[in-house]
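> The lines below spell out each chain.
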Amino acid sequence: MTTTTAARHTSNGKGQPDSQVVAPKKSEWKRAMRSLYRSKAALGSALLLILLIIVALTAQWIAPHDPRAVDISNRMLWPVWTDSNSNPIYFLGTDSLGRDILSRLIHASQMTLIVAVAAVIASGLVGIFMGLISGFFGSWMDSIIMRLADLQLAFPSLLIGLIVMALIGSGVAELIFVIALTQWAYYARIVRSEVIKVRETEYVQAARALGAGNIRLIFKHVLPNALASMLVVASFTLAIAIYYEASLSFFGLGIPPAIPTWGNMIADARDVMLRNWWFALFPGLAITFTVLAFNLLGDWVRDHFDVKAE
Amino acid sequence: MFYLANRMVQGLIVILAALTLAFLMMFVIGDPAMMYVGPDASSEVLERYRRSMGFDRPMIVQYFEFMRSAVQLDFGVSYRQRTDVVPIILERLGRSAELALPAMLLAALVSIPVGVISAVHRNTMIDYVARFVALIGQAAPNFWVGIMAILLFSSALGILPSSGRADPGSPIWTQARYILMPMVVLSLMPMAYLTRMMRSTVLEVINEDYVRTARAKGLSETKVIYVHALRNALIPYVTLYALQFGWILAGSMVIETVFAWPGFGRLLMDSIRMLDIPVVAAGLTTVAALYITLNLLADMLYTLLDPRVVNR
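Protein chains in written order, with the working numbering: chain E, 1 to 310; chain H, 1 to 312.
The shape of chain H in the complex, shown without the other chains:
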């Protein structure tokens, strides 16, 4: 319990630090009032705006003001879209989930069986092919894989739309066609990583005493592998799986930009490039919060699944 509380306090510190960084960012790039009014505004308009937004107050006052509203989930108004930041972020997060959740599901559906088969048939042709593909999957830059997929499936074969998201009102089949390609490309990196992890944990587990016992009892090989070995190999896997959700956040920024998918990752990427700092600030905080939650979740899952780890 103490451990968990400790971790939560650490998480809060990280979020506060993220907020501080975000606040500093607003001033690094220049006058925030200018960003709202535009460079052509007269100095009189600029001055009036600065006073109305409170940008003329001392930095330290503004800092605490910023922190106070951020804690209340108020990150101000986007420089670009002129509307509140938080609703924008929430809407975009939902769209990102349309890609990220099926991508993670696909990664699990592929990596578990392939990892197990690869380990059980170690040093056979199947194992070599699986390992090689996984290694390539980890090394190939995801934006490039996305581009090559667009070239192949959209330009050359013309069977899938190259980018964008279908109208929410369109039939489910049309929506799925738009989701398919970015979703698969997004899943490749975690899939490759998880397959390698699954293989190596199964290899470790296979030599444990309880697996030998299960074999000695005369259980069938399928039962030995899928009941006794797999269940234990899944313990570290689940933890790593939770952590891969964090990776998906970074992957989404890249993939959503390549496929023009209007999600959170693309919002963050566009806002960074346009220096739309209120959105970047809120986005950074969102990422930090998600990351910390996922890490905590991974830790808790680990203790839950493996009773041997009680106190660290």
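One chain only, chain E, in its complex shape:
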């Protein structure tokens, strides 16, 4: 942080020699922000996701009601603009137990983001670890790990998720584990190919000759180079995690039904959905637009950093 103010003055100038080490990093960041600003889709997605994060963080203050509070006298109220008999304090109506749909939506965003972010971190860490082992040790270790990755990619990941959840039981940690289980291979492949690429370069062989160890190599060369590709995968993993959380919860194999999540809300709606379309509509829209935003952001990261899709 201390170097950034110094760099700001020089990076826009004609490049004084002493600032050149810092300048590319700074301008790279600026370039990314400018490109993000130019791409309307990506900018809109970023703003939507920031809004979602704010909503999730402030859920207990901005939600008008307790998401679990049952109000039997106000069951199945229609959204306010569709029915003059509905109660204006329940803006999006209530579900079959009289719980406020808007408050449940707001609180559900917390679990959605927790699961998504945790799943990305878990699958990323496992994938990076496996990729590093695979790339550095090579030989039979490499074969085993890469065959494992192939094996895992040879099945529809939703099928693996459903089976494993059925075997180990539903729960938040279990769900994160399952998503990581179906996504780690993408990170592992990226990191492995980066290790192999970097290992052969002259500057790394020179660095090694100077006594640089593996740890230094990993943090200085391998991971920074793999970062752009991993960012692309990460934004798609976020979308996939939200999708899977919703799907698995919908089929009763994800987050326990007592916790409000968007998938659970749609599952609740299925039992009584003959007339009450709003039970399912709003959580579905929330999932759709969140997934859409992560997808668009992923597209933008891929185009901006010019990452070749696998």
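These are computed hints drawn from the structure, not numbers from a lab. Everything numeric in this text was worked out from a predicted model, so none of it was measured. Positions of the beta carbon are idealized from the N, C-alpha and C atoms, including for glycine. Take the hints with a grain of salt, since some may be wrong.
[Said to hold, decoys possible] Going by beta-carbon spacing under 8 Å, a handful of chain H positions derived as facing chain E:
id, residue
1, A17
2, L135
3, I136
4, L151
5, V184
6, F245
7, W247
8, L249
9, V254
10, M269
11, R273
12, L275
13, V280
14, A288
[Said to hold, decoys possible] Part of the chain H face toward chain E, derived, beta carbon under 8 Å:
id, residue
15, Y210
16, T213
17, I272
[Said to hold, decoys possible] Using C-beta positions, here's what the derived DEER-type ranges look like:
id, chain 1, residue 1, chain 2, residue 2, range
18, E, G213, H, L105, 42 to 50 Å
19, H, I172, E, P64, 46 to 54 Å
20, H, L296, E, N214, 35 to 43 Å
21, E, G138, H, R7, 18 to 26 Å
22, E, I114, H, L24, 25 to 33 Å
23, H, V133, E, I114, 29 to 37 Å
24, H, V28, E, I121, 22 to 30 Å
25, E, D303, H, Y210, 25 to 33 Å
26, H, D56, E, K197, 51 to 59 Å
27, E, D306, H, L296, 30 to 38 Å
Guided by the hints, dock chain H onto chain E, whose structure is given.
This is chain H only, laid out in the frame that chain E set:
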């Protein structure tokens, strides 16, 4: 040729691994004998059953026994239905095809023209609308789209049946009414994906030299696009199309469950939830086999269609 053989061996390894996983699954969930006899049976009955089914033998013996019969397509008896697993699976696969094949056909019929038009009229209103709809189609969870479709077309408008499959004896029109909604919903995800792919491959192809040559020759724009550009854009498309059949397998599990369609996907979903392991084992193997075959097919199609790719 070597490449193909290599791929086939890899495919076999995946299937063997799937079988091993399936075998392990039987023991993870507990005593398989208990699953057949039920939790209320006396220990004497349980013991007799265990011996008659061979569950008392060492694990490794049972493993090879399981693998041997699986290779002969014998996956034992369903815990739930008490009949042989393989005929159940075959029957259900046929019913799934009733949804999956028209769904994939629909996906192609929509995605090819829309992708081409979207690319040719790049950055016009048509392109924006097509791209936006495709993006939404990829992001909307298919089980939710199914539910909303039921709400709209069955509950509100009452023009289509909400779920199930018509009697096989009923007139073709009645059967089609039951197929229509789940089929369309099932096709949306591959349709959206393929439309985006078609658009981007046409955009790539449009700038190639041979397209410029075709234009320079004075061919009409329609001919340039639909004969010269489209034919080349279809090469990657066909490969991706074959791979989307694999996706349809996962999509069927969801859609058939939402629409109560008695197909393979719903069988797999129910069996997973009820822990009917023999069916899950056979189902998993079926999925692996289908997946590998489709991947191989996609590869072969690619080499067939694009003579430049001979050896990789």
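> All hints, please: hold or fail.
Hints, verified against the model:
no. : hint                          : in the structure
1   : A17                           : holds (5 Å)
2   : L135                          : holds (6 Å)
3   : I136                          : holds (7 Å)
4   : L151                          : holds (5 Å)
5   : V184                          : violated (17 Å)
6   : F245                          : violated (11 Å)
7   : W247                          : holds (7 Å)
8   : L249                          : holds (6 Å)
9   : V254                          : holds (6 Å)
10  : M269                          : holds (7 Å)
11  : R273                          : holds (6 Å)
12  : L275                          : holds (6 Å)
13  : V280                          : holds (7 Å)
14  : A288                          : holds (6 Å)
15  : Y210                          : violated (24 Å)
16  : T213                          : violated (28 Å)
17  : I272                          : holds (5 Å)
18  : G213(E) - L105(H): 42 to 50 Å : violated (58 Å)
19  : I172(H) - P64(E): 46 to 54 Å  : holds (52 Å)
20  : L296(H) - N214(E): 35 to 43 Å : holds (38 Å)
21  : G138(E) - R7(H): 18 to 26 Å   : holds (23 Å)
22  : I114(E) - L24(H): 25 to 33 Å  : holds (31 Å)
23  : V133(H) - I114(E): 29 to 37 Å : holds (31 Å)
24  : V28(H) - I121(E): 22 to 30 Å  : holds (27 Å)
25  : D303(E) - Y210(H): 25 to 33 Å : holds (26 Å)
26  : D56(H) - K197(E): 51 to 59 Å  : holds (54 Å)
27  : D306(E) - L296(H): 30 to 38 Å : holds (31 Å)
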